[in-house]
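From first to last, the protein sequence lines are chains A and B.
If you read the first sequence in the numbering used here, its first letter stands for residue 1, the second for the next number, and so on.
If you read the second sequence in the numbering used here, its first letter stands for residue 1, the second for the next number, and so on.
There is no bait here: all hints are sound.
As the list makes no split between identical chains, a pair holds if one copy fits it or if it spans any two.
Straight line, CA to CA, 25 Å or less: simulated SDA-like cross-link-like pairs of lysine to any residue:
{"hint": "1", "residue 1": "K365", "residue 2": "P219"}
{"hint": "2", "residue 1": "K319", "residue 2": "N273"}
{"hint": "3", "residue 1": "K79", "residue 2": "N300"}
{"hint": "4", "residue 1": "K286", "residue 2": "E321"}
{"hint": "5", "residue 1": "K101", "residue 2": "D154"}
{"hint": "6", "residue 1": "K101", "residue 2": "K319"}
{"hint": "7", "residue 1": "K286", "residue 2": "R272"}
Derived by calculation from the structure, the hints in this document are not laboratory data.
Number of protein chains: 2
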Amino acid sequence: MFDLLKTDTKTKARRGRLTTAHGVIETPAFMPVGTQGSVKAVSPRELRELNAQIVLGNTYHLFVRPGIEVVRHFEGLHKFMNWDGPILTDSGGYQIFSLAKLRKITEEGASFQNHVDGTPAFISPEIAMEIQATLGSDIAMVLDECPPWPCERDYAAKSAEMAARWAKRCKNAPRLDGQLLFGIVQGATFDDLRREAAEAIVQIGFDGYAIGGVSVGEPEEEMLRAVQSSEPFLPNDKPRYAMGLGTPPQLLQMIARGMDMFDCVLPTRLARNGTAFTSTGTLNLKNAEFAMDKEPIEQNCECQACREFTRGYIRHLIKAEEILGLRLITLHNLHFYLELMRGARVAIESGDYDRFRKEFVSNYKTRDVDLTTT
Amino acid sequence: MFDLLKTDTKTKARRGRLTTAHGVIETPAFMPVGTQGSVKAVSPRELRELNAQIVLGNTYHLFVRPGIEVVRHFEGLHKFMNWDGPILTDSGGYQIFSLAKLRKITEEGASFQNHVDGTPAFISPEIAMEIQATLGSDIAMVLDECPPWPCERDYAAKSAEMAARWAKRCKNAPRLDGQLLFGIVQGATFDDLRREAAEAIVQIGFDGYAIGGVSVGEPEEEMLRAVQSSEPFLPNDKPRYAMGLGTPPQLLQMIARGMDMFDCVLPTRLARNGTAFTSTGTLNLKNAEFAMDKEPIEQNCECQACREFTRGYIRHLIKAEEILGLRLITLHNLHFYLELMRGARVAIESGDYDRFRKEFVSNYKTRDVDLTTT
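Generate the whole structure from the sequences, applying the supplied hints.
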């Protein structure tokens, strides 16, 4: 299912290939986020044109709306959203803890009221697996509790222990034929808890391993440390997924630390605010300096936005709140993230990853953009 | 420039061909509205795939934002928005009277403050022509005053007389090489004023004639009457454009009354609210009845939305406020309007227009949608 094709010598970067029921994913891979059964502003046809290999669906959001019975009626998320490539679904845990109201966590599971209409619901590890079977994803995630940042050590330890028990229940629950199941390593910012969590999750045995509890507001160095303190205890022959990350430089740093898969709302979310990613950093296209600019967002970029439109026109669209503006920046940003991963794969194959990463990071400046809402 | 290919025998429907600097328009024709240099939610590439023959740009909106100097810098609206087909620009008159603040109309022109940032401005017939030359449209419109509905006869008469004097000044002003100029017939809801206005405008002589001052809140019968009382005084060898109209049945009724060109925000505006046009009438896709519906918006429709997606999925997208939902309905609605015009052209050619129109109108029901905001 996962072929480790090459490991870098100067870094821990890995070139791999994950085979799923709906197709092959070349790693390192970026997964566009299709929260509510749609990658925001983008059609499945455009995702194929962008060479997206896999999209992510958020179980919690789909559970709330349209509801699992609707997706069941449409025979799963692939048919519902008309995407026939691989889909990864999260378990819903993260959103239960970040969005839902009146949540109460017990050993059995999590009860909560959803953030849209307040309907009460209960999700256990077994129910999370049942829902993901109905969604029909190619990769399911175990249900976990995602502790906030900062988090007391005592709470983090108890939470990670329960997450491991929940992970085991997910593993033992009925699963869709051919569906892969990934475990999640928690442990907040405590190196020893991360190690214990990794060992406990690996002990249970999964098709892949995710680092959870990152990108929850912590400083970048804590994020990197959480990955570094978990990674050595993960098996080489399974893919590793750093959840909810990150900026382009962060992705390259994570790859250098042995991570293979990423999902992040930054390219789509920042696009809706007029921010574009380029190899020299972010551009806020709302800025007046772009009003008369006849260049594309990025020189030599092959995306539709850059082949067909100028910065000046896109700035006008964003200022005038025209939907085409955020569509074009979204296409560009997704193209940028996907191409960054392609570049990383090529660099790992040619033994040049360390230079590739350092050069990119040194050229890249985050300008004029608030990343704290990620 | 305008070839009248065929005139229907049972109705006044006409099959024509208008040649412009950027291409040929087969009439009857529907012109998608690109208010701010973008047909809302749709890319120029998609407009080409939809076989849109021409798009409309709103001079007032472009004057306010991004400003004419920006469009000049980009060498005109075609290059700015990356649309190389024909463009018609209105003169800005309608929006000055419906959107701008503190407007004051004198014989010389209209002064106003724009609705976005309140900047004061002045537009005269000559300035309107200069702006449209800078925009580089294929068809320019004369500056007119568009009286409100209802309107006192005395005001309507004085306004139409001034509109005729302004039309003459537009005709005499410098114009872009190859740019067509259409006159506008006003006269509110008074048959004799419509006739006088038509005769005065035709006397000046234009490349085409528009019926203005319709779709300003009047009942449908008044709208039809305004067209009927103007049309007999327009020459056969020039195209006629009914401005800002209308619903699908209205378009067919206007064609039967000798109109050739139409623009309307209904297909794009209603799409953003979840309303789709079909041959049996409008569907409000927000309705719960569509939640489990596996049919496309319309059976046998060849648009991208109908080829690839179900009503149930599109309903979910609209309910969840996903941009893809309004994109898909917009594509469908534009396709529907454009195909309706294609059907009308074929029916006129085959001498079958009266039956085509009556059959369509009798099958069509406006359901569950508020059209008064048009």
